[in-house]
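K.L.:
Chains as they are written, first to last, in this note's numbering: chain E, 289 to 807; chain V, 199 to 445.
Hints in this document: simulated from the structure, not taken from any laboratory.
One thing to keep in mind: the hints can contain errors.
Capping the alpha-carbon separation at 25 angstroms, the derived lysine to any residue pairs in SDA-like fashion look like this [to be verified]:
{"hint": "1", "chain 1": "E", "residue 1": "K596", "chain 2": "V", "residue 2": "H319"}
{"hint": "2", "chain 1": "E", "residue 1": "K663", "chain 2": "V", "residue 2": "S272"}
{"hint": "3", "chain 1": "E", "residue 1": "K663", "chain 2": "V", "residue 2": "K361"}
{"hint": "4", "chain 1": "E", "residue 1": "K716", "chain 2": "V", "residue 2": "Y254"}
{"hint": "5", "chain 1": "V", "residue 1": "K384", "chain 2": "E", "residue 2": "L477"}
{"hint": "6", "chain 1": "V", "residue 1": "K384", "chain 2": "E", "residue 2": "K356"}
{"hint": "7", "chain 1": "E", "residue 1": "K405", "chain 2": "E", "residue 2": "Y428"}
{"hint": "8", "chain 1": "E", "residue 1": "K356", "chain 2": "E", "residue 2": "I404"}
{"hint": "9", "chain 1": "E", "residue 1": "K505", "chain 2": "V", "residue 2": "G261"}
{"hint": "10", "chain 1": "E", "residue 1": "K354", "chain 2": "E", "residue 2": "Q420"}
{"hint": "11", "chain 1": "E", "residue 1": "K753", "chain 2": "E", "residue 2": "Q420"}
{"hint": "12", "chain 1": "E", "residue 1": "K766", "chain 2": "V", "residue 2": "V321"}
{"hint": "13", "chain 1": "V", "residue 1": "K330", "chain 2": "E", "residue 2": "K356"}
{"hint": "14", "chain 1": "V", "residue 1": "K330", "chain 2": "E", "residue 2": "I294"}
{"hint": "15", "chain 1": "E", "residue 1": "K356", "chain 2": "E", "residue 2": "K505"}
{"hint": "16", "chain 1": "V", "residue 1": "K361", "chain 2": "V", "residue 2": "Q281"}
{"hint": "17", "chain 1": "V", "residue 1": "K384", "chain 2": "E", "residue 2": "T697"}
Ranges between beta-carbon positions, derived for each pair [stated by the list, open to error]:
{"hint": "18", "chain 1": "V", "residue 1": "I222", "chain 2": "E", "residue 2": "S778", "range": "39 to 45 angstroms"}
{"hint": "19", "chain 1": "V", "residue 1": "A395", "chain 2": "E", "residue 2": "I395", "range": "41 to 47 angstroms"}
{"hint": "20", "chain 1": "V", "residue 1": "E300", "chain 2": "E", "residue 2": "I299", "range": "34 to 40 angstroms"}
{"hint": "21", "chain 1": "E", "residue 1": "L339", "chain 2": "V", "residue 2": "G350", "range": "30 to 36 angstroms"}
Every beta carbon over 10 angstroms from chain E, so not counted as near; a handful from chain V, in silico [what the hints assert, rightly or not]:
{"hint": "22", "residue": "K205"}
{"hint": "23", "residue": "D217"}
{"hint": "24", "residue": "S223"}
{"hint": "25", "residue": "S225"}
{"hint": "26", "residue": "Q240"}
{"hint": "27", "residue": "M245"}
{"hint": "28", "residue": "L258"}
{"hint": "29", "residue": "E260"}
{"hint": "30", "residue": "F262"}
{"hint": "31", "residue": "S316"}
{"hint": "32", "residue": "T320"}
{"hint": "33", "residue": "D324"}
{"hint": "34", "residue": "Q378"}
{"hint": "35", "residue": "K379"}
{"hint": "36", "residue": "N444"}
For glycine and all other residues, C-beta sits at the position ideal for the given N, C-alpha and C.
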Amino acid sequence: MLHLTIPQDKIDSARGFAKQITHSLEELLNSYSSVTIERTVLRLLGIDGALEDGTPIPNYIVDQLKSKNALDKGVAYWISNAIVYTGLSAQEVANSVKDGKLELTQIAQQPTTEVIKVMNDLTQKMIDHIKQQRAARESYFAKYGPRNTPSLYVIVATGNIYEDVLQAKAAAKQGADIIAVIRSTAQSLLDYVPYGATTEGFGGTFATQENFRIMRKALDEVGAEINKYISLTNYASGLCMPEIAAMGAMERLDLMLNDAMYGILFRDINPQRTLLDQYFSRMINAVAGIEIQTGEDNYLTTSDAIEKAYTVTASQLINESFALLSGVSPEKMGIGHAFEIDPCIENSFSYELSHALLTKTLFPHSPIKYMPPTKHVTGNIFEAYIINAMFNMVAQMTGQGVQLLGMLTEAVHTPHLADRALAIDNAKYVFNAVKDFSSEITIDKEGFINKRAEAVLDEAISFLKRVAEQGLFNALEKGEFANIKRAQTSGKGFEGVFRKSEDYINPFMDKIKQELNLD
Amino acid sequence: MSTKIDKTFIRPYGDTMNDGRMQISFSMPVKADESGKEAARQLLKQMGLDEIEICYIADLSEGFAHIVAYGNTSAFVDLTKIQVKTVDTDVMTMEETDEFVEQHLGRKITIIGACIESDAHTVGIDAILNMKGYNHRYGLERYKWFNTVNMGAQVLSEDLLAKAREMNADAILVSQIVTQKNIHVKNLTRLIEMAEAEGLRDKMLFICGGPRINHDLAIELGYDAGFGAGSYSTDVASFIVTKLANK
Ligand code: B12
Numbered sequence: 289m290l291h292l293t294i295p296q297d298k299i300d301s302a303r304g305f306a307k308q309i310t311h312s313l314e315e316l317l318n319s320y321s322s323v324t325i326e327r328t329v330l331r332l333l334g335i336d337g338a339l340e341d342g343t344p345i346p347n348y349i350v351d352q353l354k355s356k357n358a359l360d361k362g363v364a365y366w367i368s369n370a371i372v373y374t375g376l377s378a379q380e381v382a383n384s385v386k387d388g389k390l391e392l393t394q395i396a397q398q399p400t401t402e403v404i405k406v407m408n409d410l411t412q413k414m415i416d417h418i419k420q421q422r423a424a425r426e427s428y429f430a431k432y433g434p435r436n437t438p439s440l441y442v443i444v445a446t447g448n449i450y451e452d453v454l455q456a457k458a459a460a461k462q463g464a465d466i467i468a469v470i471r472s473t474a475q476s477l478l479d480y481v482p483y484g485a486t487t488e489g490f491g492g493t494f495a496t497q498e499n500f501r502i503m504r505k506a507l508d509e510v511g512a513e514i515n516k517y518i519s520l521t522n523y524a525s526g527l528c529m530p531e532i533a534a535m536g537a538m539e540r541l542d543l544m545l546n547d548a549m550y551g552i553l554f555r556d557i558n559p560q561r562t563l564l565d566q567y568f569s570r571m572i573n574a575v576a577g578i579e580i581q582t583g584e585d586n587y588l589t590t591s592d593a594i595e596k597a598y599t600v601t602a603s604q605l606i607n608e609s610f611a612l613l614s615g616v617s618p619e620k621m622g623i624g625h626a627f628e629i630d631p632c633i634e635n636s637f638s639y640e641l642s643h644a645l646l647t648k649t650l651f652p653h654s655p656i657k658y659m660p661p662t663k664h665v666t667g668n669i670f671e672a673y674i675i676n677a678m679f680n681m682v683a684q685m686t687g688q689g690v691q692l693l694g695m696l697t698e699a700v701h702t703p704h705l706a707d708r709a710l711a712i713d714n715a716k717y718v719f720n721a722v723k724d725f726s727s728e729i730t731i732d733k734e735g736f737i738n739k740r741a742e743a744v745l746d747e748a749i750s751f752l753k754r755v756a757e758q759g760l761f762n763a764l765e766k767g768e769f770a771n772i773k774r775a776q777t778s779g780k781g782f783e784g785v786f787r788k789s790e791d792y793i794n795p796f797m798d799k800i801k802q803e804l805n806l807d
Numbered sequence: 199m200s201t202k203i204d205k206t207f208i209r210p211y212g213d214t215m216n217d218g219r220m221q222i223s224f225s226m227p228v229k230a231d232e233s234g235k236e237a238a239r240q241l242l243k244q245m246g247l248d249e250i251e252i253c254y255i256a257d258l259s260e261g262f263a264h265i266v267a268y269g270n271t272s273a274f275v276d277l278t279k280i281q282v283k284t285v286d287t288d289v290m291t292m293e294e295t296d297e298f299v300e301q302h303l304g305r306k307i308t309i310i311g312a313c314i315e316s317d318a319h320t321v322g323i324d325a326i327l328n329m330k331g332y333n334h335r336y337g338l339e340r341y342k343w344f345n346t347v348n349m350g351a352q353v354l355s356e357d358l359l360a361k362a363r364e365m366n367a368d369a370i371l372v373s374q375i376v377t378q379k380n381i382h383v384k385n386l387t388r389l390i391e392m393a394e395a396e397g398l399r400d401k402m403l404f405i406c407g408g409p410r411i412n413h414d415l416a417i418e419l420g421y422d423a424g425f426g427a428g429s430y431s432t433d434v435a436s437f438i439v440t441k442l443a444n445k
């Protein structure tokens, strides 16, 4: 394996500043909750379904409690109290609320020990289910063998889950290790998760629990045919981050895009909301054994990949630090970056190699998520195919974990069947061709690649130091990240953030913290 | 065949004048075997190709195959009859444009840009507008005689028009990147129809851009100009000032 020579104290100081940044937010993380966190609790209690107009029952209940100023106790209490009173199941209680037959806040307070017992039983039941899913995944890998490294990750994005299934199965047979179902445009800005199987999406397919189930089943089937476990991934991001994480945990997704700050910067979601939501989402992913992935590539679609390389490094360290607070282990942190340098630049390959190695050096245990060239890809599909080969070469030589395959038609359309197959062929050829090549070459300590990596880290350190000194919210407000200014109390979804009352309870967060040995 | 080019009779050129040789690649639900090749051949035949060579067929699984083929077309085009609408103003540098405005218009001009409706891709419009510019050309924000407002992404047509009215804009610049299901056509049409309804259409220039926009399409949709992939701030700026001076 190629390796860089970078002073350990520099790496430590970068991590130290990142830790200072994230740990200063503990008051927020401990004292507040959000509407989507509460909807997640409802889903984990076993409540699903939707009203006639499509409003999911979890939204309906949370909105109702909010309108009664009763949300700050947490939904778990209200549902458990109603279960004790009525003797119904959680779903039956929810249905009665939906039908207007039950008013949660009107029910007399039931004996606390009984309420707590109901709550704990339901919590345990769901945690057991999630752990079973985790065990199932592990036994599949034990049976068929581990995932390839770098793993071949391809997307399906037809908008129709059944069409996606066809394409995913074909991709699996062609050699894909991981299937990502891209979400429909702007799903991240919906403050609810649509219900049921969907066949109309735009630039992608809606993330719904039923769609997760359909795709999981299809991939298990194709896996049995080809003796391989095919991993499934989606996006726990946007206004429903923890709900999607919970759905993924229940339906055995294997990876989840789950960035700490993406929503704030690139979707203008309120900073407090995002940080709260990522905290709980990542806990769910951690207990479910789901590999999270971060979205640093986004910094480079809007900024120059050389000039702003340090923002990627800084964000990676912040993402890591937040993930540790949620109990995610380094082996399950798919720290992200991208191959986005302008191909016209001289020695662009050396820059890319340097940046990729820096990521690998900083996160040696991470199944690093490597994004393909996109921004500089044009309608010249032949050129795109070559650039993707270079990207694949860097990945194999630097030990990246998950290779998001570049498509020759990136600048044209969402991938066609043959585009995906060609991308898989490209990666297979290059990975095989340079398989052990890097074990025989070394990086010159005084050379460009090593110096470049160290320079990026230096810039990241001074940036992180500046952010640590002023605090994350002030830094966001001043536009320190990606030149985008985000105020602490503005942005989408802020109205969904609330302070917990003294007697607030989220049994899942408590239980998961126990499981993960957090505080 | 002669190697002289006859502009009234043009076919694809592989390695001999007017051989009509073309390269085609596609996938379809056939087996990757002789029957699949024959299916591909018949399809290409129906498309008017001859000398068909299926040079590659590969199994894509799930009943599909990928096919790469060559064939000769007997179709031809007459170049002398081709008409395309292009933006044909002379392109000036930033300095020349500023000087032009000073001399011919004698006042600052106001430009409002946005990526409208569902579209969130800002890199293209930023390349045209941002101070920093793109590929060694500064964006309109840096032009001394331009007063430029960039409203950013997912701007509703009504908001863009309200701003244009408020600022008494000289030109509106709209970006549309996503084209799936012709969403760009729908969005651009919505904007122009609203502008017409509000009586703003003739008060300012309406210009659109994006990788799959061209001048022809823009004119068809009722815009003054359209700019496609690889266009620069200088192209748009020159067009705007020339057009305003001629008004
Ligand atoms: C970066 C990017 C993103 C970023 C955008 C970040 C941002 N803030 O802009 C993110 C990650 C957010 C994104 C999201 C999505 N994207 Co996108 N994205 C791209 C990508 C990789 C590059 C676009 C780009 O920046 N090009 C560089 C600029 C400089 O070029 P340009 O836009 O063409 O602009 C030039 C000209 O067109 C012109 N121009 C453009 N606008 C204007 C306006 C005027 C007035 C003028 C004069 C000129 C002009 O001048 C510019 C300079 O020359 C393209 C693929 C590609 N390589 O093109 C996909 C692509 C455009 N995205 C696509 C899709 C499907 C999406 C999503 C729907 C995916 C999803 N399911 O979520 C979402 C949609 C979000 C939304 N609501 O719009 C598809 C669109 C397919 C299609 N034909 O419709 C593409 C082609 C990728 C693909 N193959 O699937 N994307």
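K.L.:
Is it the case that S225 of chain V keeps its Cβ farther than 10 angstroms from each residue Cβ in chain E?
P.N.:
violated (4 angstroms)
K.L.:
Going straight from one Cα to the other, do K384 of chain V and T697 of chain E come out at no more than 25 angstroms?
P.N.:
The hint holds at about 24 angstroms.
K.L.:
Run the distance test for K384 of chain V versus L477 of chain E: straight-line Cα separation, threshold 25 angstroms.
P.N.:
holds (22 angstroms)
K.L.:
Compare the distance between the alpha carbons of K354 of chain E and Q420 of chain E with 25 angstroms, and conclude whether the hinted pair is satisfied.
P.N.:
The given pair, whose Cα atoms are some 34 angstroms apart, is violated under the 25 angstroms limit.
K.L.:
Decide, holds or violated, for the assertion that all CB atoms of chain E are farther than 10 angstroms from the CB of Q240 of chain V.
P.N.:
holds (19 angstroms)
K.L.:
Hinted pair, alpha-carbon criterion (25 angstroms max): K384 of chain V, K356 of chain E. Please report holds or violated.
P.N.:
violated (42 angstroms)
K.L.:
Below or equal to 25 angstroms on CA atoms is what counts here, so check K505 of chain E against G261 of chain V.
P.N.:
holds (20 angstroms)
K.L.:
Taking the minimum C-beta separation from E260 of chain V to chain E, is that value above 10 angstroms?
P.N.:
violated (4 angstroms)
K.L.:
Classify the label on Q378 of chain V as holds or violated, using whether its beta-carbon is more than 10 angstroms from each beta-carbon of chain E.
P.N.:
violated (6 angstroms)
K.L.:
Just to be sure I understand the hint, the distance between the Cβ atoms of A395 of chain V and I395 of chain E should be within 41 to 47 angstroms; is that true here?
P.N.:
With Cβ atoms ~53 angstroms apart, the hint is violated.
K.L.:
For the pair supplied as a hint, K766 of chain E and V321 of chain V, confirm whether the alpha-carbon distance does not exceed 25 angstroms.
P.N.:
It holds: about 21 angstroms lies between the C-alpha atoms, which stays within 25 angstroms.
K.L.:
Would the hint linking K356 of chain E and I404 of chain E be met if the CA-CA limit is 25 angstroms?
P.N.:
holds (22 angstroms)
Comparing the model with each numbered hint stated earlier shows that hints 2, 3, 6, 7, 10, 11, 13, 14, 15, 16, 18, 19, 20, 24, 25, 28, 29, 30, 31, 32, 33, 34, 35 do not hold.
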